[in-house]
Amino acid sequence: MPTYTTTKKQTTCFHCGENCTNTALKVEDKNFCCQGCKTVYEIIHQTGMCNYYTLHASPGATQKQKIRENKFAFLTDAEIASKLISFKNSTETHITFYLPHIHCSSCLWLLENLPKINSAILSSKVNFARKEVDIIFSHTQISLENTADLLASIGYEPYISLQNLTRNGNTYNNAKLYKLGVAGFCFANIMLLSFPEYLGIDEKEILLANVFRYLNVVLSIPAFFYSGSEFYISAWKGLQHKFLNIDAPIVLAIIITYFRSLYEVFTGIGGGYFDSMSGIIFLMLAGRVLQEKTYEQLNFDRDYTSYFPIAISKMVNGKKTVVSLPNVQLNDTLRIHQDELIPADGIITRGKALIDYSFVTGESTPIQKEMGEIVYAGGRQMDGDIEVLVIKEVAQSYLTKLWNNQADKTSKPSEQHTFVHLLSKYFTWVVLAIAFMAAVYWQFYNPSLILPSVTAVLIVACPCALLLSNTFTNGNILRIFGNNKLYLRNAQTIEALANITTIVFDKTGTLTTNQHAVVEYNGTPLTQYEKQLVASLAAQSNHTLSRALCSYIGYPSELPVLAFKNHVGLGIEGFVDETLVAIGSKEFLMLQNTTIDNTTQVYVAIEGRVKGKFSVGNQYRENLPKVLSTLSTKYQLAVLSGDNNGEQPYLETIIGRNAPLLFNLKPTEKLSLVKQMQQQGKNVLMIGDGLNDAGALQQAQVGIAVAENTNTFTPASDAIIDANSLAKIEQFLLLSKWNKRIVLAAFTTSLLYNIIGIVYAVQGQLSPMIAAILMPASSITIVALTYGASGIVARYLGLKNYE
Amino acid sequence: MSVIVLLLFASISVASLFLLAFLWSVKSGQFKDEEGASIRMLFEEYTAKPSVKKLTTNRQNKN
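Just so you know, the sequences run in chain order V and W.
Be aware that the first sequence starts at 677, since it is given in my numbering, and climbs by one per residue.
Be aware that the second sequence starts at 0, since it is given in my numbering, and climbs by one per residue.
Treat the hints with caution; some may be incorrect.
Unchecked claim - Estimated spans, in silico, between C-beta atoms of each pair:
hint : chain 1 : residue 1 : chain 2 : residue 2 : range
1    : V       : 918       : W       : 41        : 50 to 58 Å
2    : V       : 817       : W       : 42        : 45 to 53 Å
3    : W       : 41        : V       : 1357      : 53 to 61 Å
4    : V       : 723       : W       : 6         : 52 to 60 Å
5    : V       : 1122      : W       : 17        : 54 to 62 Å
6    : V       : 1357      : W       : 26        : 33 to 41 Å
7    : V       : 1441      : W       : 6         : 27 to 35 Å
8    : V       : 1204      : W       : 42        : 21 to 29 Å
Hint data in this document are derived by calculation from the structure and do not stem from the laboratory.
Don't be surprised by glycine CBs; every beta carbon is placed ideally from N, CA and C.
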């Protein structure tokens, strides 16, 4: 842990709330951490939008990473623009931007007041859950590019990726909600209209009774044909795959109930079981909606297109033009700006590259590349601009191949193998057997009762109780996970999590943070003054290592820096308080050619004399070491890293000597190692964050992607976890084990109701009233039991203490 | 007794109105963003919002 030597109290940025290393950036009494934040504040202040800062303290995004000028120049390209624009007529254009920074009420307020900042914006509406803003602007007064610039200037940079070109956003499916609404309406009305029947309507009022009955028939039509279609489709799909899923017996029960009820009404024997039928449909739909409430802002199936930019600068005869990514061809020369992603494999033709491959390979430190060397797609250029000659097209690049590295998906949990479906199968056979025996019995004693008793058994014993306990428990447990920032892709993942025996971790970005921090200093001890010299110099640079130095030393007071010079890829130097200070690589300060593998070491020279070196590394996440030691007693742990083995001794102390610790792994090796473990009969949970884990995440029974914040890009996975929640992983695993127990407990309870029902049914005496009491009673018990039990378990595990 | 039949139809029509209101709210996108509205209502001045319905129908026309 870095120890701060600063004596002054830390000031925080008025705009973004980060610590200010530079106290000179001030407007009145407000401090800013960087020029960018100050500019944004000034724009907001000028337009009279300062309410932005009162709604929520420090609501902005840090602007330390400057947004390159003309960054959105590609929006002038008509082809790209037409893919992004949702509607355009002669006066106005409609567009939806994804703004990852949207997070609080201030964001919403400022963005919806865009028309006040610039009158060319006609309206703007935020979708908070999806972090999107729908903007309507008058394109005669403002261009699309300037609209994007306007958003960026107030601190909300739109994120536009290649995916925007191929997909027209997620289509939101409302069908289930409509069906639920219709089912609820029919259920409530039918129940009301069935009361006279239950309470015994007078024989003389047969006309009135018929009105009630026929109204029920009419109301049951939408419930049966429209709302119920959800289950018919699912059951039919199962049958097509020769698999009797849990919906099949339920559909059978619904159909039998419906036709028996119709028969009763038309022959005038009775009122039928319309209320039970529509009630079951309604409750089961409610369970489904609850269970399948997805996390809209998350995407579990990302491919490389959402990681890549939409367009890139291309050099043609020395002039820069913008080309959309699919149009990049072999032998094109691309200009990669600082902080841009390299979209295709190529050879560097100009400039020195410092490329951060941490996301692709797991290597924690940026790699230097010289002119003539090959760079692979997916790396991020960290320092200065470079030019790259494309040698492989985007679709064939190394990164794209990584993505298409198909894992063997048979190990993934499928609906067919969940215990609920297996249970429902046995249950169905038992029910059919009881119905058959009832039929045989009445064959001998009173053949007229065969039909009523058989249909009644099938009605009362449909496994909807099992389905209800399952969907409601899953739904609630998904919600508890979500509140704790573990977002599961679907309910089947809960069961897969419960069966885990082995947990495999990635190192960089998973066990450690992506932020670099100074771990230690070796050499002649620096005085307080010398430290300030170094920090003042480092503050001039935006390089990750410089920033790590700054935050390590702190920034007690600012010293003037003159003749600052940035040697791209090597280091920086300048006169600080009239003293020559230089920091950078060994090569830079000792003027010798060493093998460049030590970019994690920052050397310091004052007045030309080398003082020592700072070692920079990734910091381990808080509390994780402790969590790992507890986990290692219950699960087999393993660490598979693409990074070097520098931290092997430390890792051994926290996860134990016997656990496999492998370093320098290629993505395919990670995948095959996971496969090997599975062949040994282990159920593997893979936790990783980068593209180099993508294959392993797919291969493992459960793959959890770690995200610093949930907007960041994650590889395809079964679940996404917020990095801060990683420490709760043990509780999550325990809760997933409870899931099955709760479902079984609720189901057993509901069986009691079923048995009572069957006792009446086999005698052929199941009156609609008994069915109408049993059905809701059993459903309510189930819902209460599942909610109560999962809530109590979550509290017991300490998963209820979220903000 | 015919008054009961009359009341029946009245009650079902009222219920249908609520059903329509629900369907309309789903269609207009109220369930797409459950958090936004809770924040928006706390603002002192109300910002005019564009009709989401208009936006979605335009989108359909385009495709």
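Verification of the supplied hints:
In this structure the hint that residue 918 of chain V and residue 41 of chain W lie 50 to 58 Å apart at CB holds, the actual value being about 55 Å. A hinted range of 45 to 53 Å is violated for the C-beta pair residue 817 of chain V and residue 42 of chain W, which are about 26 Å apart. For residue 41 of chain W and residue 1357 of chain V, the Cβ-Cβ distance of about 55 Å falls inside the hinted range of 53 to 61 Å, so the restraint holds. Range check, residue 723 of chain V to residue 6 of chain W: Cβ separation about 59 Å, and the 52 to 60 Å hint holds.
Against the hinted window of 54 to 62 Å, the Cβ-Cβ separation of residue 1122 of chain V and residue 17 of chain W comes to about 46 Å, which falls outside the hint. A C-beta distance of roughly 51 Å is found between residue 1357 of chain V and residue 26 of chain W, which places it outside the suggested range of 33 to 41 Å. At roughly 33 Å, the beta-carbon separation of residue 1441 of chain V and residue 6 of chain W lies within the given 27 to 35 Å, and the hint holds. Between residue 1204 of chain V and residue 42 of chain W, the C-beta spacing of about 49 Å breaks the proposed range 21 to 29 Å.
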